[in-house]
Amino acid sequence: MIALLEGRLDTAAASETEKAMSPLLDSKGRDVILDCTKLEYISSSGLRIFLSILKSAKSVGGRVYITGVSDEVSSVFVMTGFVNLFEFK
Amino acid sequence: MGTTLFLGFNLYAWITIVTVLGMFTTLLFTKLRTDLVFLAAIGVLFVTGVLDAKDAFSGFSSTSVIVIGVLFVVVAGLTHTGVLQWIVKHLLGQPNSYSKAVVRLMLPVAGLSSFLSNTTVVAMFVSIVKMWSKKLGIAPSKLLIPLSYASGMGGVCTLIGTPPNLIISGLYSDKTGETMNVLATTIPGLFCLLVGVLSIIAMRKLLPDRKAPESAFEATSEYTVELLVPSDNKYIGETLADAGLLHVRGGSLIEIYHFDDVPASISENEFLMGGDRLVYAGQIDEILELKKSHGLVSADHHIFSMSEVDKNRQLRTAFVTFGSSLIGKTIGGSTFEHDNNLTLVAVARSGQRINETPRQVVLQAGDTLLLDCPPHLNVNTDRLSSQLHFFDSDQVVNIGSKTFISALIMIAMVVLSALNIMPLLQCAFIAAAAMLVLRCCNAEQAMRAINWDILMVFAASVVLGLAIQKTGIAERLAMGILDICGTNPIVVMTAICFVGTFITEFISNTAAGAMFFPIMYEAAEKLGYDPFPFLIALMISVSSSFATPIGSPTHMLVYGPGGYRFSDFMRIGLLMNLIILAANILIVNIIYPLTPLQ
Chain A
64 MIALLEGRLD
74 TAAASETEKA
84 MSPLLDSKGR
94 DVILDCTKLE
104 YISSSGLRIF
114 LSILKSAKSV
124 GGRVYITGVS
134 DEVSSVFVMT
144 GFVNLFEFK
Chain B
163 MGTTLFLGFN
173 LYAWITIVTV
183 LGMFTTLLFT
193 KLRTDLVFLA
203 AIGVLFVTGV
213 LDAKDAFSGF
223 SSTSVIVIGV
233 LFVVVAGLTH
243 TGVLQWIVKH
253 LLGQPNSYSK
263 AVVRLMLPVA
273 GLSSFLSNTT
283 VVAMFVSIVK
293 MWSKKLGIAP
303 SKLLIPLSYA
313 SGMGGVCTLI
323 GTPPNLIISG
333 LYSDKTGETM
343 NVLATTIPGL
353 FCLLVGVLSI
363 IAMRKLLPDR
373 KAPESAFEAT
383 SEYTVELLVP
393 SDNKYIGETL
403 ADAGLLHVRG
413 GSLIEIYHFD
423 DVPASISENE
433 FLMGGDRLVY
443 AGQIDEILEL
453 KKSHGLVSAD
463 HHIFSMSEVD
473 KNRQLRTAFV
483 TFGSSLIGKT
493 IGGSTFEHDN
503 NLTLVAVARS
513 GQRINETPRQ
523 VVLQAGDTLL
533 LDCPPHLNVN
543 TDRLSSQLHF
553 FDSDQVVNIG
563 SKTFISALIM
573 IAMVVLSALN
583 IMPLLQCAFI
593 AAAAMLVLRC
603 CNAEQAMRAI
613 NWDILMVFAA
623 SVVLGLAIQK
633 TGIAERLAMG
643 ILDICGTNPI
653 VVMTAICFVG
663 TFITEFISNT
673 AAGAMFFPIM
683 YEAAEKLGYD
693 PFPFLIALMI
703 SVSSSFATPI
713 GSPTHMLVYG
723 PGGYRFSDFM
733 RIGLLMNLII
743 LAANILIVNI
753 IYPLTPLQ
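Taken in sequence, the protein lines are chains A and B.
Letter by letter, the first sequence follows residues 64 to 152 in this note's numbering.
Letter by letter, the second sequence follows residues 163 to 760 in this note's numbering.
If you're looking for bench data, these hints aren't it; they were derived computationally from the structure.
The model shown is predicted, which means the values in this text are computed figures rather than measured ones.
Misleading hints may appear alongside valid ones.
[Claimed, not checked] Looking from chain A toward chain B, a few residues come up when the C-beta cut is under 7 Å (computed):
(1) I65
(2) T74
(3) S78
(4) R111
(5) V136
(6) M142
(7) T143
(8) G144
Even for Gly, the Cβ is constructed at its ideal location relative to N, Cα and C.
All chains, please: the whole structure from these sequences, using the hints.
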């Protein structure tokens, strides 16, 4: 399952994004790829969505990969320590 | 000097009056450095020709100012060898009533203050008295004002106990060629102290019964603590409930901000992220346990790894001083933390619960701050000490043979001077040298102990006193007082001491002493009496500033820890001013009966 993220995933955009990404919460053990190539910014609300997806995937033996993070988004992952939770491709 | 008179004063006198008034207005309403304002005033008097170069700079070679400077070194020796700490530890005991506690506290404090700087003594006692009051079940606010008063009243018991005494006695010997004995004020001072102690006991109801702010750091609810989650924290990604960070022992989480400064909901399902700022309310010591148990840190900037945090940093308590530039600001909105390498951990305010993040609290004078400090923070820098008064002391001294030696040096100095074997200045120099040679303090500690700012103010005060005398202001004021009070010397003495007592509430005791010296001296001479007893009474009255927290630096030291308000000092202090004034006039006239000049 692949999700393409685009633009700014800030607090305002979070609830819509959460709805759109809700199918990923039911990955049934399949790997999930979050393609962040076009993602410009991620807020704490965005990270919360990513983490929910990771937790639900892990609970059924699935894996979550993040791809194509920009420097700015990467620095958020480093600062929050989320860099250690996810697998990056 | 100019001869044109206006309201009885010549031009030079008016320049002096305007300069002095301008100086005190500047000090009251601006935050300019006191020494700078005093020196500027001297500059004005010199440039306008009121004083010639010799007079304008005479304060810097004044014996009394030099004695004060040298005594800083002697006191450094005593402090660094633990004499004070030893006395504090052994004197207070376990009295079983408030009256006994006041006596056990005030007498030793007064005794120490009569030889040491009042500020040093009070600073040393504040934390001890707080712990002691807890042990005795008495509110610290009932004991801290007496502590400060005792140091002021003890200070006047010897000439070396407080700077105004040295200044006034120095001016007296300049004028008459006679030297005052170092113990000249002892008996009147002790009598006033006794009256003061009894008055405090009698008026104990006027002292507030208030919980101290630093129980702050023990009592619940009133204090908020902010902790940061470093990027390598092992709980990142877990919910607050799973991480055990929602309800903690001794407190609870009241706010959480993620790295993007967006406040998050306080729910058990909220995830923990690196960079989160967690704000807790409750018992501070238990909340701070989270640093150890959960790897949280106190920091003003983001921490990526725990290895960035200096394990030797220590928590210190400080109070926001009057005139601090932090008043009305938030720590978060200033560069204070960055400039001083400090981190604000918690804020406490007497009697109020603060519901904000510590960094967002608009600070007030007297607020108690808990700061995460580098291990060897020098809190005596101009920048820091003008804003905060640090409550705890990081000096750990060992009591040993040096303690005994330094005490002996001090006693020898006082005895030699009191018995007129050697003048005080020589005794002080020898004592300071002995402290250094016998290694009671090292050269660096000695030099650091000399408070140059204060010496500048003292030197300038002497010069201002001289200007007031030279321009005829002292004589005119003395005449004016005589016109109003008649020729009864006791009435005149009382009137000048009364004005001195209230003026000294707003200006430094030393400046008040230097400025009232010529007035008192002239008034006594005009009445045809020996000025000596008048000056002893003046010494006691300019040190009797009990009614405002700004009346003495020692009041400011207890202001925060006692959880006091401005009016607390006024309630008991106004009465104390009058009682001590009455005791002062009575005892001085008994011990030093007025003698007509030959």
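A quick look at each hint next to the structure:
Restraint check, I65/A versus chain B: the minimum CB separation of about 23 Å is more than 7 Å; hint violated. Interface hint status for T74/A: upheld, as the beta-carbon distance to the closest one in chain B is roughly 6 Å, under 7 Å. Taking 7 Å as the C-beta cut-off, the interface hint given for S78/A is violated, the closest approach to chain B being about 13 Å. A least Cβ separation of about 6 Å between R111/A and chain B falls short of the 7 Å threshold, and the interface hint therefore holds.
The restraint placing V136/A at the interface with chain B is violated, with a minimum CB-CB distance near 13 Å, outside the 7 Å limit. Nearest Cβ of chain B to the Cβ of M142/A: about 5 Å, under the 7 Å cut. The hint holds. Here the hint on T143/A is kept, as its CB sits about 4 Å from the closest CB of chain B, short of 7 Å. Of the supplied interface hints, the one on G144/A holds, with its beta-carbon coming within about 3 Å of a beta-carbon of chain B, less than 7 Å.
This entry does not satisfy hints 1, 3 and 5, going by the numbered hints stated previously.
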